[in-house]
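As you go down the protein sequences, you meet chains A and B in turn. With the working numbering, letter number 52 in the first sequence gets 52, and the count goes up by one each step, no holes. Count along the second sequence starting at 1, add 1000, and that's the number in the working numbering.
Think of the hints as simulated: they come from the structure by calculation, not from any bench. Do not rely on the hints blindly, as some may be mistaken.
Unchecked claim - 30 Å max Cα-Cα, derived BS3-like pairs, lysine-lysine: (1) B:1136 <-> A:8; (2) B:1108 <-> A:54; (3) B:1054 <-> A:188; (4) B:1054 <-> A:108; (5) B:1108 <-> B:1198; (6) B:1108 <-> B:1136; (7) A:54 <-> B:1054; (8) B:1108 <-> A:108; (9) B:1198 <-> A:108; (10) A:54 <-> B:1188; (11) A:188 <-> A:204; (12) A:136 <-> B:1008; (13) A:136 <-> B:1054; (14) B:1136 <-> A:54; (15) B:1194 <-> A:136; (16) B:1188 <-> A:136; (17) B:1004 <-> B:1108; (18) B:1136 <-> B:1004; (19) A:78 <-> B:1194.
As the list claims (entries may be wrong) - Pair ranges (Cβ atoms, derived): (20) B:1082 <-> A:120: 53 to 63 Å; (21) B:1082 <-> A:33: 35 to 45 Å; (22) A:48 <-> B:1188: 16 to 26 Å.
Said to hold, decoys possible - One-sided excerpt, in silico: chain B residues whose CB lies under 7 Å from chain A: (23) 1039; (24) 1063; (25) 1064; (26) 1077; (27) 1085; (28) 1086; (29) 1089; (30) 1091; (31) 1096; (32) 1143.
Here a beta-carbon is modelled for each residue, glycine too, at the ideal position from N, C-alpha and C.
Protein chains: 2
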Amino acid sequence: MGIKTGMKMYSSQLSPFASRCRMAVYAKDLEVEFLDMPDPDLEEEFSRLTPMHKVPLLVDGDVIVPESETICEYLEDKGLGISLRPTDAASIARMRVLCRIGDLYVMKPMGELFSQINPASRDAQLVAREMAELQKAMGWLEAYLTGDGHAVGNSLTLADCELVPVLFFFDQIGPMFGHVNPLSDYPKVEAYYKGITKEPAAAKVLAELDSALRRMMAG
Amino acid sequence: MGIKTGMKMYSSQLSPFASRCRMAVYAKDLEVEFLDMPDPDLEEEFSRLTPMHKVPLLVDGDVIVPESETICEYLEDKGLGISLRPTDAASIARMRVLCRIGDLYVMKPMGELFSQINPASRDAQLVAREMAELQKAMGWLEAYLTGDGHAVGNSLTLADCELVPVLFFFDQIGPMFGHVNPLSDYPKVEAYYKGITKEPAAAKVLAELDSALRRMMAG
Chain A
1 MGIKTGMKMY
11 SSQLSPFASR
21 CRMAVYAKDL
31 EVEFLDMPDP
41 DLEEEFSRLT
51 PMHKVPLLVD
61 GDVIVPESET
71 ICEYLEDKGL
81 GISLRPTDAA
91 SIARMRVLCR
101 IGDLYVMKPM
111 GELFSQINPA
121 SRDAQLVARE
131 MAELQKAMGW
141 LEAYLTGDGH
151 AVGNSLTLAD
161 CELVPVLFFF
171 DQIGPMFGHV
181 NPLSDYPKVE
191 AYYKGITKEP
201 AAAKVLAELD
211 SALRRMMAG
Chain B
1001 MGIKTGMKMY
1011 SSQLSPFASR
1021 CRMAVYAKDL
1031 EVEFLDMPDP
1041 DLEEEFSRLT
1051 PMHKVPLLVD
1061 GDVIVPESET
1071 ICEYLEDKGL
1081 GISLRPTDAA
1091 SIARMRVLCR
1101 IGDLYVMKPM
1111 GELFSQINPA
1121 SRDAQLVARE
1131 MAELQKAMGW
1141 LEAYLTGDGH
1151 AVGNSLTLAD
1161 CELVPVLFFF
1171 DQIGPMFGHV
1181 NPLSDYPKVE
1191 AYYKGITKEP
1201 AAAKVLAELD
1211 SALRRMMAG
C-alpha cells in the first residue's frame, strides 16, 4: 500500500548506487517500478534515455534523472512520502558530507579492490595503494559518525541510504583481503552499522544485497 | 558592500573546487574571508578543523563544512543572497547532474592528466586511458547542455559555478597534450562556455584562475 508515483527506476540488485535509491524508496514507502538491469529487452530504451548508461536511472514522466545522489535528492524535492532530509542547514550539510565520503572516497577505492578479489591475478601494488585510500576514507567516516544508530540526528536520512550499501560491501570485502572483521577497526562506524540495521528499509536492502552477492559468487 | 556573513573559507586560487565556491560567494555578493592555502601559519588550525584536510573548507561559527558541493548547497540552504538553486525539482535535478558530471567524471581524469603534463616523464598508457575517460565525460556534458549561456534555465545556478572552473582547466589542458582548441570538439559546451563568461562572477573567477595558473607555470 505504497504512495503511487508512476515512476520507474532502472536498477540492479547488486549495485550499491541503485541500492541507495531503493532504500530511500522503501523508507518513503513509494510505489516505484524497478527494472532490473542488465536486461537485453530493456537495453535499447535504456540507452535512449541516458547518455551515461548507468544504473540507477529514475524515470518520472518526461523527467529522466541519472545518478544515485541526484535521484535521492529529487525524491526529496518532489516532497513524496516522509522526508529523509533534515530541515536545518547544518544538519543537511552533515548529511551531504557523509553521503559524499561514502559515495566517492570509500566507493572509489573499494570498486578498484573488487576488481582484485582473485588472489591469483592480483596486482599487489594497486591493492596496497587502494587499500590505503580506503582506510583513509573510512577514517573520515569514523571522525564524522557518532556511533549512534543513525548518521544524522535520531531518524533516517539520505546519509543512511548512502552508507548502508557501502558498509555492506566494506564488511564483505575484508575477508577477501585477509581481514575477517574489517569494521572492528572503526568502532563508531561499526556501532552505527549495527544500529541502522534496525530500520526496516535498511534491513530490506541488506537482504537484497546479500542474496544478490551470493548469486554472483555462486556463479 | 557585500552581505555580512561572518564566515571564512580556506581556499586556494588554483583549486577548481575552491573556485567553484568562490564563484558562488561572488554571485551571491557575500562577505566571506578567504584564507589562501597552503599557509604554514594556518596549518595547525586547518588540521584541527578537518579530518579530510582539503580545501575548500567553510567555517560558519561552529558549523564546519568541507567539500565544494556541500559548501555550495549549504550557502543555498542558509538562504544568503540571491538563490543559485532553481525552485522546481526537475531543474534542480538537472543542475545536480551537471555538477556531478563536472565534479566527478570530468575532474577525475583531468586530475590524472595534470600529473602527466611533462612529456619527458609521461606514462603513455595512463594518458590514453584517462583521455578516453575525459572524452566520455565531456560527451555527457555535450548531451546535457543546450549551448545557451547558462547551464540550467536563463540565470546563474550552482551548475555554472561548478562548470566554469572545470572548463577553464579543460581548455588549458588540451594544448599540453597536442590539442590546441579542445572545446571545439564539443560545440554546445563551447557555446555555453563563451556565453557564461558574460556573468561577472564567472569572469572574476576565471581571471583569478588564469593568474594563479600563470604563477604556477612560471614558478
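Structure-based check of each hint:
With a C-alpha separation of about 26 Å, the suggested pair residue 1136 of chain B and residue 8 of chain A falls inside the 30 Å cut-off, and the hint holds. The suggested pairing of residue 1108 of chain B with residue 54 of chain A holds, with an alpha-carbon distance near 17 Å, which does not exceed 30 Å. Restraint check: the Cα-Cα separation between residue 1054 of chain B and residue 188 of chain A comes to about 23 Å, which is no more than 30 Å; the hinted pair holds. Pair hint residue 1054 of chain B plus residue 108 of chain A holds up; C-alpha atoms about 17 Å apart against a cutoff of 30 Å.
Between residue 1108 of chain B and residue 1198 of chain B the CA atoms are separated by roughly 27 Å; this keeps the pair inside 30 Å, and the hint holds. Simply put, residue 1108 of chain B and residue 1136 of chain B have alpha-carbon atoms about 12 Å apart, close enough for the 30 Å limit, and the pair holds. The hinted pair formed by residue 54 of chain A and residue 1054 of chain B meets the criterion: a straight-line CA distance of about 29 Å does not exceed 30 Å. This hinted pair checks out: residue 1108 of chain B and residue 108 of chain A have alpha carbons roughly 11 Å apart, not beyond 30 Å.
Restraint check for residue 1198 of chain B and residue 108 of chain A: not satisfied, since their Cα atoms lie roughly 36 Å apart, outside the 30 Å limit. About 23 Å separates the Cα atoms of residue 54 of chain A and residue 1188 of chain B, which keeps this hinted pair within 30 Å; it holds. Between residue 188 of chain A and residue 204 of chain A the alpha-carbon distance is near 23 Å, which keeps this suggested pair within the 30 Å criterion. A distance of roughly 26 Å separates the Cα atoms of residue 136 of chain A and residue 1008 of chain B; the hinted pair therefore holds under the 30 Å criterion.
For the suggested pair residue 136 of chain A and residue 1054 of chain B, the alpha carbons sit about 13 Å apart, so the restraint of at most 30 Å is met. Under the criterion of a C-alpha separation no larger than 30 Å, the hint pairing residue 1136 of chain B with residue 54 of chain A is consistent with the structure, at around 13 Å. At most 30 Å may separate the alpha-carbon atoms for a hinted pair to count; residue 1194 of chain B and residue 136 of chain A exceed this at roughly 40 Å. Taken as a hint, the residue 1188 of chain B and residue 136 of chain A pair is broken in the structure, with Cα atoms around 39 Å apart against an allowance of 30 Å.
The straight-line distance between the Cα atoms of residue 1004 of chain B and residue 1108 of chain B is roughly 35 Å, outside the 30 Å bound, and the hint therefore fails. Between residue 1136 of chain B and residue 1004 of chain B the alpha-carbon distance is near 42 Å, which puts this suggested pair outside the 30 Å criterion. Between residue 78 of chain A and residue 1194 of chain B, the direct Cα distance comes to roughly 33 Å. Violation of the 30 Å bound is thereby established for this hinted pair. For residue 1082 of chain B and residue 120 of chain A, the Cβ-Cβ distance of about 58 Å falls inside the hinted range of 53 to 63 Å, so the restraint holds.
Remark: the range hint 35 to 45 Å for residue 1082 of chain B to residue 33 of chain A is upheld by a beta-carbon distance near 39 Å. Between residue 48 of chain A and residue 1188 of chain B the CB atoms are about 19 Å apart, so this pair conforms to the stated range of 16 to 26 Å. The beta carbon of residue 1039 of chain B is not positioned within 7 Å of any beta carbon in chain A (closest approach about 23 Å), and the interface hint is therefore violated. Restraint check, residue 1063 of chain B versus chain A: the minimum CB separation of about 5 Å is within 7 Å; hint holds.
The closest approach between the C-beta of residue 1064 of chain B and any C-beta of chain A is roughly 9 Å, which is over the 7 Å cut-off, so the hint fails. For residue 1077 of chain B, the interface hint holds, since its Cβ comes within 7 Å of a Cβ in chain A; the closest pair sits about 4 Å apart. A distance limit of 7 Å between C-beta atoms decides the matter here; for residue 1085 of chain B the minimum to chain A is near 10 Å, and the interface restraint is violated. At a threshold of 7 Å, the smallest CB-CB gap from residue 1086 of chain B to chain A is about 10 Å, leaving the interface hint violated.
The criterion of a C-beta within 7 Å of any C-beta in chain A is met by residue 1089 of chain B, whose closest approach is roughly 4 Å, and the hint holds. Because the smallest distance between the Cβ of residue 1091 of chain B and any Cβ of chain A comes to about 10 Å, over 7 Å, the interface hint for this residue is violated. The restraint placing residue 1096 of chain B at the interface with chain A holds, with a minimum CB-CB distance near 4 Å, inside the 7 Å limit. At about 4 Å, the closest approach between the beta carbon of residue 1143 of chain B and any beta carbon in chain A falls short of 7 Å, and the interface hint on this residue holds.
Comparing the model with each numbered hint stated earlier shows that hints 9, 15, 16, 17, 18, 19, 23, 25, 27, 28 and 30 do not hold.
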